[in-house]
Amino acid sequence: DQQVKQNSPSLSVQEGRISILNCDYTNSMFDYFLWYKKYPAEGPTFLISISSIKDKNEDGRFTVFLNKSAKHLSLHIVPSQPGDSAVYFCAASEGRSQGNLIFGKGTKLSVKP
Amino acid sequence: DVKVTQSSRYLVKRTGEKVFLECVQDMDHENMFWYRQDPGLGLRLIYFSYDVKMKEKGDIPEGYSVSREKKERFSLILESASTNQTSMYLCASSLWTGGKGYTFGSGTRLTVV
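In order, the protein sequences belong to chains V and L.
Going by my numbering, the first sequence opens with residue 5, and the numbers climb by one from there.
Going by my numbering, the second sequence opens with residue 118, and the numbers climb by one from there.
Fair warning: there could be bad hints in the mix.
Unchecked claim - In silico lysine-lysine, BS3-like type, Cα no more than 27 angstroms apart, as pairs:
1. L:Lys174 with V:Lys41
2. L:Lys135 with V:Lys41
3. L:Lys187 with L:Lys135
4. V:Lys112 with L:Lys135
5. L:Lys174 with V:Lys9
6. V:Lys60 with V:Lys41
7. L:Lys188 with L:Lys174
8. L:Lys217 with V:Lys75
Unchecked claim - Computed list of chain V residues with no C-beta within reach of chain L, every gap over 12 angstroms:
9. Gln6
10. Val8
11. Leu15
12. Asn26
13. Tyr36
14. Lys42
15. Pro48
16. Thr49
17. Ser53
18. Thr67
19. His80
20. Pro83
21. Asn104
22. Lys112
Simulated from the structure, these hints should not be mistaken for lab results.
Nothing here was measured: the structure is a model prediction, and the numbers come from that model.
All C-beta atoms, glycine included, are put in the ideal place defined by N, C-alpha and C.
Using the sequences provided together with the hints, build the complete structure.
Next up, the structure:
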């Protein structure tokens with residue numbers, strides 16, 4: 005049973021517009037969440053994270069929002085650029101300092117010029 | 118920055134061969150992981166290790182084994198390669214208290230013919 009779900013396998017967005025990638029989780033013990041970005045033929049790289057004590061974390065064009073009551077998080081990219089085209093994985097863990105990361109299946113983002 | 122190095126970017130092996138995938142990290146991380154990535158299935162954990170000579174099964178360990186004789190090196194072994202093991206294999210490492218989660222290698226694209 006999937007504990008971390010990314011229900012949209014793909015997303016297409018026009019350059020300059022906002023990209024919103026969604027992630028839902030079922031385990032209420034998760035309290036640390038991360039987003040990774042993966043280009044073809046490369047390993048995933050860390051993008052941004054959020055602890056459950058926050059509801060928002062921002063890093064440049066990337067913002068992650070956490071809604072604990074809905075067990076939902078989202079990654080906003082504003083403005084989207086063609087170089088953002090990649091697969092984005094949501095991941096969660098029980099505590100920043102323990103446990104394995106549980107990954108979603110990923111969402112392929114295509115940003116069109 | 119932590120570096121995780123996978124010995125081969127591309128491998129082609131025959132059915133029934135024993136295959137070794139090597140992974141080395143250079144930052145004294147306790148934890149190391151092996152994943153495979155397949156379209157539509159995301160990242161699936163094969164095996165992981167929290168310490169030297171220690172290993173734990175992940176979600177899909179069948180047909181695989183691992184070895185961790187030194188802290189910096191984690192090897193994945195396909196005992197008798199089969200065509201359904203054709204995949205992208207990703208190694209990762211992390212500190213127990215890593216805020217950025219995992220650092221991934223660049224991946225090995227294995228094709229079994």
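Can you name, in rising order, the numbers of the hints this structure does not satisfy? Per hint list: 2, 4, 9, 10, 13, 14, 15, 16, 17, 21, 22 violated.
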